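Peer 1: Spelled out, the chains give:
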Amino acid sequence: DAGVTQSPTHLIKTRGQHVTLRCSPISGHKSVSWYQQVLGQGPQFIFQYYEKEERGRGNFPDRFSARQFPNYSSELNVNALLLGDSALYLCASSLSGAKTQYFGPGTRLLVL
Amino acid sequence: GESVGLHLPTLSVQEGDNSIINCAYSNSASDYFIWYKQESGKGPQFIIDIRSNMDKRQGQRVTVLLNKTVKHLSLQIAATQPGDSAVYFCAESYTGRRALTFGSGTRLQVQP
Numbered sequence: 322d323a324g325v326t327q328s329p330t331h332l333i334k335t336r337g338q339h340v341t342l343r344c345s346p347i348s349g350h351k352s353v354s355w356y357q358q359v360l361g362q363g364p365q366f367i368f369q370y371y372e373k374e375e376r377g378r379g380n381f382p383d384r385f386s387a388r389q390f391p392n393y394s395s396e397l398n399v400n401a402l403l404l405g406d407s408a409l410y411l412c413a414s415s416l417s418g419a420k421t422q423y424f425g426p427g428t429r430l431l432v433l
Numbered sequence: 023g024e025s026v027g028l029h030l031p032t033l034s035v036q037e038g039d040n041s042i043i044n045c046a047y048s049n050s051a052s053d054y055f056i057w058y059k060q061e062s063g064k065g066p067q068f069i070i071d072i073r074s075n076m077d078k079r080q081g082q083r084v085t086v087l088l089n090k091t092v093k094h095l096s097l098q099i100a101a102t103q104p105g106d107s108a109v110y111f112c113a114e115s116y117t118g119r120r121a122l123t124f125g126s127g128t129r130l131q132v133q134p
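Chains as they are written, first to last, in the numbering used here: chain A, 322 to 433; chain B, 23 to 134.
Hints listed in this document are in silico derivations from the structure and should not be mistaken for laboratory results. Warning: the hint list may mix true and false statements.
[Stated by the list, open to error] Below are the DSSO-like pairs computed for lysine-lysine, each with C-alpha atoms no more than 27 Å apart in a straight line:
{"no.": "1", "chain 1": "B", "residue 1": "K78", "chain 2": "B", "residue 2": "K93"}
{"no.": "2", "chain 1": "B", "residue 1": "K78", "chain 2": "A", "residue 2": "K420"}
{"no.": "3", "chain 1": "B", "residue 1": "K64", "chain 2": "A", "residue 2": "K351"}
{"no.": "4", "chain 1": "A", "residue 1": "K351", "chain 2": "A", "residue 2": "K373"}
{"no.": "5", "chain 1": "A", "residue 1": "K334", "chain 2": "A", "residue 2": "K420"}
{"no.": "6", "chain 1": "A", "residue 1": "K334", "chain 2": "B", "residue 2": "K64"}
[Said to hold, decoys possible] Just so you have them, the derived chain A footprint on chain B, three or more residues with Cβ under 8 Å:
{"no.": "7", "stretch": "67-79"}
{"no.": "8", "stretch": "95-102"}
[Said to hold, decoys possible] Cβ pair distances, simulated, as ranges:
{"no.": "9", "chain 1": "A", "residue 1": "E372", "chain 2": "B", "residue 2": "D39", "range": "43 to 49 Å"}
{"no.": "10", "chain 1": "B", "residue 1": "S62", "chain 2": "A", "residue 2": "K334", "range": "28 to 34 Å"}
{"no.": "11", "chain 1": "A", "residue 1": "S348", "chain 2": "B", "residue 2": "R79", "range": "23 to 29 Å"}
{"no.": "12", "chain 1": "B", "residue 1": "S126", "chain 2": "A", "residue 2": "S348", "range": "28 to 34 Å"}
{"no.": "13", "chain 1": "B", "residue 1": "Q103", "chain 2": "A", "residue 2": "T330", "range": "25 to 31 Å"}
{"no.": "14", "chain 1": "B", "residue 1": "Q103", "chain 2": "A", "residue 2": "G324", "range": "36 to 42 Å"}
All values derive from a computational prediction rather than experimental measurement. Where a beta carbon is used, it is the ideal one built from N, C-alpha and C, also for glycine.
Let the sequences and hints guide you as you build the complete structure.
Peer 2: Here is the structure:
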């Protein structure tokens, strides 16, 4: 069975641009979470979605937004990119109500 | 505020030895703990988890110990192999919280 998939794998943007990252959860998982991992640190929680509704939000500015589609896939959008947004963006999926989250390979974003 | 931290940033062991990675947490409400392994360029990989109603859980070559009294958990890896070389993260959550809170990670280096 396929795990969590993310696209693209790598992305280079310039300051002020916007970016859309995509995630497909493990089949049967209805919950998707997004995390940002800066080099040398642990992942930081951005959002969690379940059944297309936002169920949790971390301490990130409004430039960050996300949504979940009827097929449970998800997009993370970041507007007005800053150099500090350069990071590995991780998507994780979980079964409804379960704490265990399974991560995808991530999208590495570089903002120049 | 809540935090999850690790005692040692780098742990070097000989192949075949047992490894112990430690983690401290500060939130008394934490009731779910999970260990991930992250290899270079990859997303975190689930290893093992434990709930606060347990103090020990075993998997294949791994054991997690939880000491709620001193807010400490550890990951023990038996007969460490070169393929175990990676960064290991502990993370925690609590009832009602959607997100996992990660520590900063411990790098495990296995010497042949």
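Peer 1: So which of those numbered hints doesn't the model satisfy?
Peer 2: 5, 8, 10, 14
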